[in-house]
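Just so you know, the sequences run in chain order F and B. Count the first sequence with this note's numbering and you get residues 1 to 277, in order. Count the second sequence with this note's numbering and you get residues 278 to 525, in order.
FYI, nobody ran anything at the bench for these hints, they're computed from the structure. Glycine included, every Cβ here is placed at the ideal spot set by N, Cα and C. Please note: incorrect hints may appear among the correct ones.
For the chain B half of the interface with chain F, some residues (derived, Cβ under 8 Å), not all of them [what the hints assert, rightly or not]:
(1) ASN325
(2) LYS332
(3) GLN335
(4) MET336
(5) LEU341
(6) LYS350
(7) ASN369
(8) PRO372
(9) LYS403
(10) ARG434
Below 35 Å or equal to it, Euclidean Cα-Cα: the simulated DSBU-like pairs (lysine-lysine) are [said to hold, decoys possible]:
(11) LYS93/F <-> LYS505/B
(12) LYS373/B <-> LYS93/F
(13) LYS174/F <-> LYS439/B
(14) LYS373/B <-> LYS174/F
(15) LYS3/F <-> LYS373/B
(16) LYS459/B <-> LYS417/B
(17) LYS174/F <-> LYS412/B
(18) LYS412/B <-> LYS93/F
(19) LYS93/F <-> LYS295/B
(20) LYS282/B <-> LYS174/F
(21) LYS350/B <-> LYS174/F
(22) LYS439/B <-> LYS412/B
(23) LYS367/B <-> LYS505/B
(24) LYS174/F <-> LYS513/B
(25) LYS506/B <-> LYS174/F
(26) LYS93/F <-> LYS332/B
(27) LYS403/B <-> LYS367/B
(28) LYS174/F <-> LYS459/B
(29) LYS350/B <-> LYS15/F
(30) LYS3/F <-> LYS417/B
(31) LYS295/B <-> LYS373/B
(32) LYS412/B <-> LYS391/B
(33) LYS93/F <-> LYS468/B
(34) LYS174/F <-> LYS505/B
(35) LYS93/F <-> LYS506/B
(36) LYS367/B <-> LYS93/F
(37) LYS174/F <-> LYS468/B
(38) LYS414/B <-> LYS506/B
(39) LYS282/B <-> LYS300/B
(40) LYS93/F <-> LYS391/B
Each chain, written out:
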Amino acid sequence: MNKKVSQNIAFFIFKFFGVLVIGILFSIIGFIGYNGIQVISWEFLTEFPKEGMTSGGIFPAIVGTFYLVVGSLIFAFPLGVMSAIYTTEYAGKGWIVRIIRIMTNNLASIPSIVFGLFGMALFVNKLNFGDSILAGSLTLGLLVLPLIIRTSEEALLAVPQSYREGSLALGATKLQTIRRIVLPAAFGNIITGLILSIGRVSGETAPILFTVAAYFLPKLPSGIFDQAMALPYHLYVLATSGTDLEASRPMAYGTALVLILIVLIMNLIASFFRKKL
Amino acid sequence: MIEAKNIDFYYGNFQALKNISMKIEPKTVTAFIGPSGCGKSTFLRIFNRMNDLIKDTQMEGECLINGQNIYDKSINIDNLRKDVGMVFQKPNPFPKSIFENVAYGLRVNNMGDKSFIGQRVEESLKDAALWDEVKDKLNKSAYELSGGQQQRLCIARALAVKPSIILMDEPASALDPISTSKIEELIHNLKNQYTIVIVTHNMQQAARVSDNTGFFMLGELIEYSNTKKMFLNPEKETTQNYITGRFG
Ligand SMILES: Nc1ncnc2c1ncn2[C@@H]1O[C@H](COP(=O)(O)OP(=O)(O)OP(=O)(O)O)[C@@H](O)[C@H]1O
Ligand SMILES: [Mg+2]
């Protein structure tokens, strides 16, 4: 077989699998989109579930997910950015930093259900927060912390060393240099990490399962110690434990579509931010 | 007055400077020349303690500025760096507006109010021979300027905090001939007010701009004297060989 032919065959195989993957991806999105779009309406987005979740909407789940996103990031974002500042700007390249890196990488690969269990043991039981938005937010916060730390570290490391030198050479302190030069320069990429985290937090089911998620609530949560409904868990409920599974199936597709859209839109915004830099 | 006394400097185990002593008079231009890797930049960065930023380094000896040992524990490094400005080889303006680049040093050092800062920015840009080119676009990003303009902006930025010494590490090496001659002219004009130390690879440049020249090789200061004398009648043969281009 001559070179050209084997080249062409290899190319064909790569192309085939590439197209296959894209095809699979699109058929998933298409399937959900097609089935979901039929139930999505203004009422679906703004009303409570009705008639044993076979009609009505998913409003409380949207609100709950919103609370959980805000709650977890209020906690995880500053913590993640600060620890990234510590490891990149202060700690140098010593063993402490290496250990922190290994820990965050390991933290990132722990299955999310384990976070759920841990959150239940610590926040729900030990600290006595009960099943609550607070406990769920903290658990989700722990889950995305490694993602925020890693994206922030990358953002800070991408800031040219010459900016720091230029600032210090003018008599600026290290803190002034970080606040006025390094952070503004890294801002876009740090925000990218934040937006990716929003997508991640809104889609996770396992961490909220034992810490906050409610099967059904007749009214919206009124404080951080209340339980909440949330989109991914609501989807699970609709698909597995409604009163009439057949009848609530369309509602499940609608919920799935809303969830996918939130995640996709967040990722799109994130890549837009990243491109600008 | 800068006075370096028996300075040794190490990167890890590697000795980059070997027992260097040198006196630099106020309001003069001093050039450092020598082959690549001989320690010119390292020595220059001794004067504003920029080497402190590099991990795993060690310095021995003393460096006095106006009689004060700048490596003494009581020294405030930020104040030292405000007094000893630096211009880097590659122009490194901040990703901010032209105005904010020059104002930066004033802001971080809490120097003066808004109108004072405005005045000082204009003054510094004029001193750096950049004002006429940028006065209509002070709020534009510094990165809209050409390389030569960026470098003069970095000089203006250094001048704004009124240092007494300005260190320049090959400030024109990334620039075209016209920008280079502008910078040289600038150095000539700044000499009345500042002590300038400049590293350069360009022999003619050293001859044109400096009063005194130090020739470095392999971490040692081989010869240090009046520039005219150095170029017309050097004491050492190595110096002669280097400046006539026989190596390096
Ligand atoms: N950060 C560093 N870590 C380790 N070694 C270094 C470091 N910086 C410089 N050196 C070494 O110290 C020596 C002197 O370097 P320096 O940058 O002072 O030379 P230079 O005379 O400025 O050279 P050039 O003309 O190329 O700029 C070189 O051998 C270099 O390899
Ligand atoms: Mg150098």
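Evaluated hints:
1. Proximity of ASN325/B to chain F holds as hinted, the smallest CB-CB distance being about 6 Å (cut-off 8 Å).
2. Taking 8 Å as the C-beta contact cut-off toward chain F, the hint placing LYS332/B at the interface holds, the least distance being around 6 Å.
3. At a threshold of 8 Å, the smallest CB-CB gap from GLN335/B to chain F is about 16 Å, leaving the interface hint violated.
4. Using the Cβ-Cβ criterion of 8 Å, the hint placing MET336/B at the interface with chain F is not satisfied: the shortest such distance is roughly 17 Å.
5. For LEU341/B, the suggested interface contact is broken, since its CB lies about 19 Å from the closest CB of chain F, more than 8 Å.
6. Contact between LYS350/B and chain F, as hinted, is not supported at the beta carbon level, the nearest pair being about 18 Å apart and thus beyond 8 Å.
7. Restraint check, ASN369/B versus chain F: the minimum CB separation of about 4 Å is within 8 Å; hint holds.
8. Residue-level restraint check for PRO372/B holds (minimum Cβ-Cβ distance to chain F is 6 Å; threshold 8 Å).
9. The closest approach between the C-beta of LYS403/B and any C-beta of chain F is roughly 19 Å, which is over the 8 Å cut-off, so the hint fails.
10. The restraint placing ARG434/B at the interface with chain F holds, with a minimum CB-CB distance near 7 Å, inside the 8 Å limit.
11. Of the pairs offered as hints, the one joining LYS93/F and LYS505/B is violated, with about 47 Å between alpha carbons and a cut-off of 35 Å exceeded.
12. Our distance criterion of 35 Å between C-alpha atoms is met by LYS373/B and LYS93/F, whose separation comes to about 29 Å.
13. Under the criterion of a C-alpha separation no larger than 35 Å, the hint pairing LYS174/F with LYS439/B is consistent with the structure, at around 21 Å.
14. Annotation: proposed proximity of LYS373/B to LYS174/F holds, straight-line Cα distance about 18 Å (limit 35 Å).
15. Taking the CA atoms of LYS3/F and LYS373/B, the gap is about 54 Å. The hint is violated against a cut of 35 Å.
16. The straight-line distance between the Cα atoms of LYS459/B and LYS417/B is roughly 22 Å, inside the 35 Å bound, and the hint therefore holds.
17. Distance check on the hinted pair: LYS174/F and LYS412/B sit about 31 Å apart at the alpha-carbon level, within 35 Å; holds.
18. With a C-alpha separation of about 43 Å, the suggested pair LYS412/B and LYS93/F falls outside the 35 Å cut-off, and the hint is violated.
19. The straight-line distance between the Cα atoms of LYS93/F and LYS295/B is roughly 28 Å, inside the 35 Å bound, and the hint therefore holds.
20. For the given pair, LYS282/B sits about 29 Å from LYS174/F by alpha-carbon distance, which is consistent with the 35 Å threshold.
21. A distance of roughly 18 Å separates the Cα atoms of LYS350/B and LYS174/F; the hinted pair therefore holds under the 35 Å criterion.
22. Note on LYS439/B and LYS412/B: the hinted pairing holds, with a Cα-Cα distance of about 21 Å set against a maximum of 35 Å.
23. The hinted pair formed by LYS367/B and LYS505/B meets the criterion: a straight-line CA distance of about 29 Å does not exceed 35 Å.
24. Restraint check for LYS174/F and LYS513/B: the C-alpha separation of about 44 Å exceeds 35 Å, so the hint is violated.
25. A C-alpha spacing of about 43 Å is found between LYS506/B and LYS174/F, which places the hinted pair above 35 Å, so the restraint is violated.
26. The straight-line distance between the Cα atoms of LYS93/F and LYS332/B is roughly 9 Å, inside the 35 Å bound, and the hint therefore holds.
27. This hinted pair checks out: LYS403/B and LYS367/B have alpha carbons roughly 22 Å apart, not beyond 35 Å.
28. Distance hint between LYS174/F and LYS459/B is fulfilled; the C-alpha atoms sit about 33 Å from each other, no more than 35 Å.
29. With a C-alpha separation of about 65 Å, the suggested pairing of LYS350/B with LYS15/F is violated against the 35 Å cut-off.
30. Restraint check: the Cα-Cα separation between LYS3/F and LYS417/B comes to about 55 Å, which exceeds 35 Å; the hinted pair is violated.
31. Pair hint LYS295/B plus LYS373/B does not hold up; C-alpha atoms about 40 Å apart against a cutoff of 35 Å.
32. In summary, the hint linking LYS412/B to LYS391/B is supported, as the alpha carbons are separated by about 17 Å, within the 35 Å threshold.
33. With a CA separation close to 41 Å, the supplied pair LYS93/F and LYS468/B exceeds the 35 Å bound.
34. In summary, the hint linking LYS174/F to LYS505/B is not supported, as the alpha carbons are separated by about 42 Å, beyond the 35 Å threshold.
35. The suggested pairing of LYS93/F with LYS506/B is violated, with an alpha-carbon distance near 47 Å, which exceeds 35 Å.
36. Distance restraint check for LYS367/B and LYS93/F: the Cα-Cα separation of roughly 26 Å lies within the 35 Å cut-off, and the hinted pair is therefore satisfied.
37. Taking the CA atoms of LYS174/F and LYS468/B, the gap is near 31 Å; set against the 35 Å cutoff, the hint holds.
38. Annotation: proposed proximity of LYS414/B to LYS506/B is violated, straight-line Cα distance about 45 Å (limit 35 Å).
39. A hinted pair counts as satisfied when its Cα atoms are at most 35 Å apart, and LYS282/B with LYS300/B qualifies at roughly 9 Å.
40. A hinted pair counts as satisfied when its Cα atoms are at most 35 Å apart, and LYS93/F with LYS391/B does not qualify at roughly 40 Å.
Going down the numbered hints, you'll see the structure goes against 3, 4, 5, 6, 9, 11, 15, 18, 24, 25, 29, 30, 31, 33, 34, 35, 38, 40, while the others check out.
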